[in-house]
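K.L.:
If you read the sequences in order, they're chains A and B. Each residue of the first sequence is one higher than the one before, counting from 107 in our numbering. Each residue of the second sequence is one higher than the one before, counting from 107 in our numbering.
Worth flagging that the hints you see were computed from the coordinates, not collected in a lab. Please note that a few of the clues may not be correct.
To be verified - Just so you have them, the derived chain A footprint on chain B, three or more residues with Cβ under 8 angstroms: (1) 245 to 259; (2) 374 to 385.
What the hints assert, rightly or not - Here are some, though not all, of the chain A residues that point toward chain B, as calculated from beta-carbon distances under 10 angstroms: (3) N241; (4) G253; (5) C284; (6) Q306; (7) D355.
Claimed, not checked - Just some of the chain B residues that point at chain A, by a computed CB distance under 10 angstroms: (8) R211; (9) L215; (10) A265; (11) V276; (12) G288; (13) C291; (14) Y388; (15) A389.
Yeah, the Cβ is synthetic: ideal placement off N, Cα and C, and Gly gets one too.
There are 2 protein chains.
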Amino acid sequence: MSTPVPAPVLAIDIGGTKLAAAVVEPGGRAVAYERVPTPADLDAEGLWRTLASVLDKVVAEAGAPGLGGVGVGCGGPMTWPAAEVSPLNIPGWRAFPLRERLRGRYPGLPVRVHNDAVCVAVGEHWRGAGRGRGNVLGMVVSTGVGGGLVLDGRLIDGASGNAGHIGHVVVDPEGPPCKCGGRGCLEAIARGPGLVAWAQEQGWRPGQPVTGVDLATDARRGHPVAAAAMRRAGRALGIAIASATHLCDLEVAAIGGGLSQAGALLFDPLEEALRTHARMHYARQVSVVPAALGQMSGLIGAAALVIAGDRYWNAD
Amino acid sequence: MSTPVPAPVLAIDIGGTKLAAAVVEPGGRAVAYERVPTPADLDAEGLWRTLASVLDKVVAEAGAPGLGGVGVGCGGPMTWPAAEVSPLNIPGWRAFPLRERLRGRYPGLPVRVHNDAVCVAVGEHWRGAGRGRGNVLGMVVSTGVGGGLVLDGRLIDGASGNAGHIGHVVVDPEGPPCKCGGRGCLEAIARGPGLVAWAQEQGWRPGQPVTGVDLATDARRGHPVAAAAMRRAGRALGIAIASATHLCDLEVAAIGGGLSQAGALLFDPLEEALRTHARMHYARQVSVVPAALGQMSGLIGAAALVIAGDRYWNAD
Chain A
107 MSTPVPAPVL AIDIGGTKLA AAVVEPGGRA VAYERVPTPA DLDAEGLWRT LASVLDKVVA
167 EAGAPGLGGV GVGCGGPMTW PAAEVSPLNI PGWRAFPLRE RLRGRYPGLP VRVHNDAVCV
227 AVGEHWRGAG RGRGNVLGMV VSTGVGGGLV LDGRLIDGAS GNAGHIGHVV VDPEGPPCKC
287 GGRGCLEAIA RGPGLVAWAQ EQGWRPGQPV TGVDLATDAR RGHPVAAAAM RRAGRALGIA
347 IASATHLCDL EVAAIGGGLS QAGALLFDPL EEALRTHARM HYARQVSVVP AALGQMSGLI
407 GAAALVIAGD RYWNAD
Chain B
107 MSTPVPAPVL AIDIGGTKLA AAVVEPGGRA VAYERVPTPA DLDAEGLWRT LASVLDKVVA
167 EAGAPGLGGV GVGCGGPMTW PAAEVSPLNI PGWRAFPLRE RLRGRYPGLP VRVHNDAVCV
227 AVGEHWRGAG RGRGNVLGMV VSTGVGGGLV LDGRLIDGAS GNAGHIGHVV VDPEGPPCKC
287 GGRGCLEAIA RGPGLVAWAQ EQGWRPGQPV TGVDLATDAR RGHPVAAAAM RRAGRALGIA
347 IASATHLCDL EVAAIGGGLS QAGALLFDPL EEALRTHARM HYARQVSVVP AALGQMSGLI
407 GAAALVIAGD RYWNAD
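Only chain A is shown next, with the shape it has when bound in the complex (with noise of 0.2 angstroms):
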């Protein structure tokens, strides 16, 4: 627990695509931000001198405020709250110590680390779609599918910090083999290189390098078997939302990553799929949109983490 607190707030977001940062005023509106690729082939010194580079350089845009903590979004697995990180998708990082290290580097402030799609959740509950709203799930629907569970308007971390994995709802139990172990996982059917996977086996520019933005680009231009590909897409989103929905009495689910931008070949067989399941009485009022805070609602979420911590954060 913690009071509002009325200094800006460094935001961080670390992807497998991208480092990004911001400095957040209490209200939630981001007064600098910078973003680097995320370095491809350094080692885990490397990636941090990076980062802390980009930290330097959006403190100073912002003019150097004192600052009130540092919140962070990072890509999972992480041992929580400790954040000794390991990013699926950040190779150079293994058990890397960002929380430590963050302190280090920002003596007397509170850091505060969680998942990254946990931050999304976070950000469009405080201050995009979910707002005013107790019973939110943020999803990011990307190369992975990701997401946060907000319950009776509280962050719900879960016994390790890993609540709101909607990627791992079992949607098909027979359908295909996930990274997890398990089968037929909401990830493993909707992440993009998974449908492009699919597309490809249906005949779908076969052997092309290609990418779920290809596919949704296609499935725009009429491409039948790329248009399957979302609608399957879409079908397994709504049957996880619904059943997250009818589990978690939720009233909205968000939806971020770069698939979210298919629009309604995406949101339309995800409709259909989520009110053909969602059929108990007080389920029929979810409603499922876009993120609101785009781009912007992992570090959002990952400033709210400090601003908002009464609500997004539990551990010490």
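Dock chain B against chain A, hints included.
P.N.:
Same frame as chain A, but now just chain B:
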């Protein structure tokens, strides 16, 4: 929020088969207990009078102590927290103002009503199989499949008091139709009458009036169809618990209700499906156990809505 109540609490459990009540001490011990079969053919006022006589009897049996409050678990659906109840299996009560009537009968005392399966979850968290753990799913597998969620040490209500409905997590999107209007929900497969219907279609005691208990008995005796039906239920339960564990980062799932007494016939296939699908590192530690308080879970949980309201009651 409330501070612990030092006086004993009147706990009530209202279901389609029985009306039960207990006087529960602040430490969680029941010092008096009464039950009657739920009258099948009474109107709303007749049911109320039957309940009232049970309450008078159990309070007298306890020595007519000064009560600290009234906690109730009642079959759903209901409005919450107002508790106008319309229990599926008690047709005489439709929008019956249970909380209001109890407040009139016990003026000045807190009266708190929740779903009966939610009370099982609370009871198991407070004094049962989930004691000392922060993240617990309590379940009832019987005529229906219900549940409740305790996460980060607190009961989750959700938007309308309906969080915990594990019975409507989708375990097979192409599965049998569910009474909720959806398809392939856990409850559609694993509820007692659903299992019996499936087994009868496969040739087990066709046309006879039989129950889930008969099915479990025959399965134990080695009847292949009856055993297959139990495996089918166990597998569906395992898949749903895997999804819930991934989504909510659970530590314990405690299963009560008639079918939970089938032992290894149900729990072995449950474990097999759970371990197949719950593969994220953090999910491997989840344990699934029978409810430790047996038939008393719901009453103890109902009492805890008042006695430990800081954790289990978030409404007015």
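K.L.:
Look at each hint and say if it fits the structure.
P.N.:
Hints, verified against the model:
Residues of the segment 245 to 259 of chain B with a Cβ under 8 angstroms from some Cβ of chain A number 3, which satisfies the need for three, so the listed coverage holds. Look at the segment 374 to 385 of chain B against chain A: 5 of its residues bring a Cβ nearer than 8 angstroms to a Cβ of that chain, three or more, so the hint holds. Contact between N241 of chain A and chain B, as hinted, is supported at the beta carbon level, the nearest pair being about 5 angstroms apart and thus within 10 angstroms. Interface hint status for G253 of chain A: upheld, as the beta-carbon distance to the closest one in chain B is roughly 8 angstroms, under 10 angstroms.
The interface hint given for C284 of chain A is met, as the beta carbon of that residue sits about 7 angstroms from the closest beta carbon of chain B, less than 10 angstroms. At its closest, the beta carbon of Q306 of chain A sits 24 angstroms from a beta carbon of chain B; the interface hint therefore is violated under the 10 angstroms criterion. At its closest, the beta carbon of D355 of chain A sits 2 angstroms from a beta carbon of chain B; the interface hint therefore holds under the 10 angstroms criterion. The restraint placing R211 of chain B at the interface with chain A is violated, with a minimum CB-CB distance near 29 angstroms, outside the 10 angstroms limit.
Contact between L215 of chain B and chain A, as hinted, is not supported at the beta carbon level, the nearest pair being about 25 angstroms apart and thus beyond 10 angstroms. Against a cut-off of 10 angstroms between C-beta atoms, the interface hint on A265 of chain B holds, since the closest Cβ of chain A lies about 5 angstroms away. Restraint check, V276 of chain B versus chain A: the minimum CB separation of about 5 angstroms is within 10 angstroms; hint holds. Interface hint status for G288 of chain B: upheld, as the beta-carbon distance to the closest one in chain A is roughly 4 angstroms, under 10 angstroms.
With its C-beta approaching chain A no nearer than about 8 angstroms, C291 of chain B sits inside the 10 angstroms limit, and its interface hint holds. Hint status for Y388 of chain B: holds, given a least beta-carbon distance of 4 angstroms to chain A, under 10 angstroms. Annotation: interface hint on A389 of chain B holds; nearest CB of chain A at approximately 8 angstroms, less than 10 angstroms.
Violation of the numbered hints given earlier is confined to hints 6, 8 and 9; the remaining hints are satisfied by the structure.
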